[in-house]
Amino acid sequence: MEPSVKKKILTVDDSRTMRDMVSFTLRAAGYDVVEAPDGQAAMTAIAAAKVDLVITDLNMPVMDGLTLIRKLRAIPTHRSLPILMLTTEADEKKKAEGRSAGATGWIVKPFNPDKLVSVVQKVCG
Amino acid sequence: MDDLSRFKQTYFDESAELLAVAEAGLLRLSPGDVDMDEVNAIFRAVHSIKGGGGAFGFSDLVAFSHEFETVMDEVRNSAIPVTTELVDTLIRANDVLAQMLAYAGEGVDAPPGATDDTVAALRHALAASGGGGTASAAPQTPPPATSAVNDDEDDEAGIFGDAMAAINAARDSEAPSPPPADRVRWTIVFRPKSDLLLSGNEPAYMLRALRRLGDAEIVCHLDDLPKLADLDAELLHLSWTITLTADAEVGRERIDDVFEFVADECDIQITADAPLPAVIAPPPKRDAPPNTPPALSESALVPPGATAAKTDGTAKPRGAGTNGGPGTNGGSGGGEHAGLTTHTIRVDLDKIDRLVNMVGEMVITQAMIAEHLRDVPPGQFQELQEGLEQLAQHTRELRESVMSIRAQPVSSVFSRMPRLVRECAALTGKEVQLATSGENTEVDKTVVENLVDPLTHMIRNSIDHGLESPDERERMGKPRAGTVHLSAQHRSGRIVIEVTDDGRGINRAKVLSKAIEKGLVQPGASMTDEEIDHLIFLPGFSTADQVSNLSGRGVGMDVVRRNISSLGGRIGVYSTPGEGSRFVLSLPLTLAVLDGMVISVGEERFVLPLTNIVESLRPKPADLHGLVNKCDVIMARGEYVRLVHLHRLFGIPKAIDDATKGLVVLVETEDGSRLGLVVDEVLGQQQVVIKSLESNFRRLDGVAAATILGDGRVALILDVAGLREMSRHSGDSASGGGRSPAPALPAPKSESRQRQTV
Amino acid sequence: MAKTILSVDDSASMRQMVKLTLSTAGYQVVEAADGREALAKAKAGAFNMVLTDLNMPNMDGLSLIRELRGLPAYRGVPIVFLTTESDAGKKNEAKAAGATAWIVKPFQQDQLLGVVRKVIGA
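Chains as they are written, first to last, in the UniProt record's numbering: chain Y, 1 to 125; chain Z, 1 to 758; chain L, 1 to 122.
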């Protein structure tokens, strides 16, 4: 059969610290990670190479997270792309907006590394 | 959370940058004209600081930044009006946030009550939104959950109920089989602009061209198609998704080429699915170790074109970690660019300085070797000669690379100015606007650091003495707010910084009388306007009527000029009474190494910066002219150019005086004025390491710095603009003699054959 | 049926080279020495494509492009213009005027053929 290949995850966040932490956590769990500082750069990265999962913050310059999710879902090839959003705990409103934009799930920040890994495994293996 | 504490330094570094961004944004906020993008940027900065703080458990910091963030949220929702009072409160909050970060950085608790006043002010501002704001109150009832399946959730994360089902369904409907080895599958989404046909482009030809590249499955999307009644036959409402399976050699460029003429106006997305490695049989054990696992597309069997992307940074998978990593102290930063994440690494400044020094020494050594080889008859040791030329080339490239590591945009200095301007304006009761341009101009780190003081003085000067009070300006028909314009640009191998104000200009009468009073100028001396303006740079000169608490005493332009000179720079001023003044600072791009031309005058050697040299000529007697009572000139390139005999200027014996027997090097200053330097010989081009004369000896007119040549001799690096000044004053004319302003050089013998360790 | 191209350039040698290259490849070529002549010929005939330089006397390339796009028959006809490498401004102007594609001077014969083929097929 096919040898197991690493899944590639795209993390999108304007905070360098946050990107570093997500990358570190997921790489330690055996994933390949690429980064983008905003929605626009994320679109470019996705056009350039196949990613298996997108984790995105919501507040970003140039293009924010909700817009990114909607744009991705509008492209037929990306209908099957799992997208997780980072939210602050209390924000039911944002969760609902994310749901209707087409997000697959959410993670609360600041995140618990084990939790992050387990959700990622659930949505993309 | 133990694992993540290694990112604390990254967090603090990033937060420092965010604070600077927030401060700059807050300073630009003006009540009448609020830029929402700025407000959002400030909000995001505070939001990020809060978020990171939460990750590391800095609860006081989080609590305070939450208050700050809440107010910013209201501002960006336009629920709170922007008043000067609000801006002041926010600036103060930003400062307090900086303090909280400092405490967190040192691992100590903030003193109790440290934030009370500011929090009170923030909450007071919040009250202006009429009722506590919408952000923290109970959210509007979320739309009813529409998922058929329940969400898989807990309080830390969750998956929307039907989301996974939708994803799986989408996966099944996609072409499941991977492309055969040696072929690559591309997914191309082409959404042309609707008026594509009106520029004569025909999508059908493009699709046909794609078909010629391989097997193409083309799906046409009709979702943008309007109703027939609304249809405009000349507009295009179609878009396509093409799945192209092509041979490995068909690279990304060939696909891009199909869309060559429409790419920048249409939405085109090209994705490659990298095929699996062809060799499957023996499961490669090498993939197992976690430390250096090659990511899929780095496998040697994958055709190079597969994941080629226009954008490098984000797409390339990384094997070993250059992730966050323990930040070293005082990293020079400056590596990340706004758009894509280019991978950066933080480096100790000392290491870079050592590197620059080593490269400098390498340049000297290489020059010495070249020098020795000059004595070898040509034709011998051919390979050695060629090898040495290559070495010279590599050294040059290495030097440029190393210098560019240290190059920083001047924005790091410019960004401190808005605050300075705000404070100065407040202290002097004037209204000032600061405009900047060329912030991205890059210059060596050492130069950048030395810019802060001179710029600060110049801006203070402009605001204090140059700009008039708002009332006075109004009376003159000028806008109440004065403008100070700060700009930076590269010009002929140097960086030129200008500080311009639209104030009252230099009061020449006052300057002249003060200069006479202080004995700096003879009464009755005739001076041009420009010469009078430049009097302000003389030591001991200050025309402050009152000692303003701003400019103080003794912080005069002479200090500024001295600082700039010590960097090998120059400063000049141009002023129009009633309209304003312009200070022009010119500095070398780097303080370390220079491309120069070595010339000889008598026994002495000098170096001329290559950027100043136009050409060298051997004049005929007919080209030389003497102007009565003035200087000799030479006709060169269609204009008369002042001749300067270097040996006269510097008092060098046994040098060639007749320009027709020596050489004339035509040089040019940054502002384009030219001189013809009379020299004995031109010895050749060389990279030289710049050593400061001023810090090792003292400042000399007409001399920018010194260097050590291949033979161990010290050569002075000439400053062309300085030579021009000297020649004007000493009147290096046929009448010879005259007092030369520069002290004569020390006897040559004591300098040569000595390699100074500096 | 062979496709017909209108080639517009004030340089006779350029026109000669273009004609040679394109007619050998099976296209019919009609020439004009400036924009005015080109416009007259365009109105009088029917072309599948127009290839034009930008700097010409009597009527320059930009004006020609605009005039052509104003004619109903030429609203969707491919117009290719010749440009120099460094002239980004002119390129944008020509595109804004409605040009379809461009070729950078100096160019080889096969480059010309490549662009023509891209734009009107064989």
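Just so you know, the hints here were simulated from the structure itself, not pulled from any lab data. Since we're looking at a predicted model, the values are computed, not measured. Check the hints yourself; a few may be wrong.
As the list claims (entries may be wrong) - Straight-line distance between alpha carbons at most 30 Å, and here's what the computed DSSO-like set of lysine-lysine pairs gives:
hint : chain 1 : residue 1 : chain 2 : residue 2
1    : Y       : K115      : Y       : K7
2    : Y       : K115      : Z       : K193
3    : Z       : K227      : Y       : K71
4    : Y       : K6        : Z       : K227
5    : Y       : K50       : Z       : K193
6    : Z       : K8        : Y       : K7
7    : Y       : K93       : Y       : K6
8    : Z       : K620      : Z       : K661
9    : L       : K41       : L       : K95
10   : Z       : K193      : L       : K95
11   : Y       : K71       : L       : K3
12   : Z       : K193      : L       : K43
13   : Y       : K122      : Y       : K93
14   : L       : K3        : Z       : K193
15   : Z       : K193      : L       : K105
16   : Z       : K654      : Z       : K691
We went through each hint and held it up to the structure:
Proposed proximity of K115 of chain Y and K7 of chain Y is supported: the alpha carbons are some 18 Å apart, at most 30 Å. With a C-alpha separation of about 44 Å, the suggested pair K115 of chain Y and K193 of chain Z falls outside the 30 Å cut-off, and the hint is violated. Pair hint K227 of chain Z plus K71 of chain Y holds up; C-alpha atoms about 24 Å apart against a cutoff of 30 Å. Under the criterion of a C-alpha separation no larger than 30 Å, the hint pairing K6 of chain Y with K227 of chain Z is inconsistent with the structure, at around 46 Å.
A distance of roughly 26 Å separates the Cα atoms of K50 of chain Y and K193 of chain Z; the hinted pair therefore holds under the 30 Å criterion. Distance check on the hinted pair: K8 of chain Z and K7 of chain Y sit about 28 Å apart at the alpha-carbon level, within 30 Å; holds. Taking the CA atoms of K93 of chain Y and K6 of chain Y, the gap is near 34 Å; set against the 30 Å cutoff, the hint is violated. At most 30 Å may separate the alpha-carbon atoms for a hinted pair to count; K620 of chain Z and K661 of chain Z meet this at roughly 9 Å.
Proximity of K41 of chain L to K95 of chain L is assessed by CA-CA distance (about 23 Å); at most 30 Å being required, the pair is judged to hold. Simply put, K193 of chain Z and K95 of chain L have alpha-carbon atoms about 14 Å apart, close enough for the 30 Å limit, and the pair holds. For the proposed pair K71 of chain Y and K3 of chain L, the alpha carbon gap of about 42 Å is over 30 Å, so the pair is violated. At roughly 28 Å between alpha-carbon atoms, K193 of chain Z and K43 of chain L fall within 30 Å of each other, so this suggested pair holds.
Our distance criterion of 30 Å between C-alpha atoms is met by K122 of chain Y and K93 of chain Y, whose separation comes to about 24 Å. The suggested pairing of K3 of chain L with K193 of chain Z holds, with an alpha-carbon distance near 27 Å, which does not exceed 30 Å. Distance check on the hinted pair: K193 of chain Z and K105 of chain L sit about 28 Å apart at the alpha-carbon level, within 30 Å; holds. For the hint pairing K654 of chain Z with K691 of chain Z, the CA-to-CA distance comes to about 27 Å; that is within 30 Å, so the pair holds.
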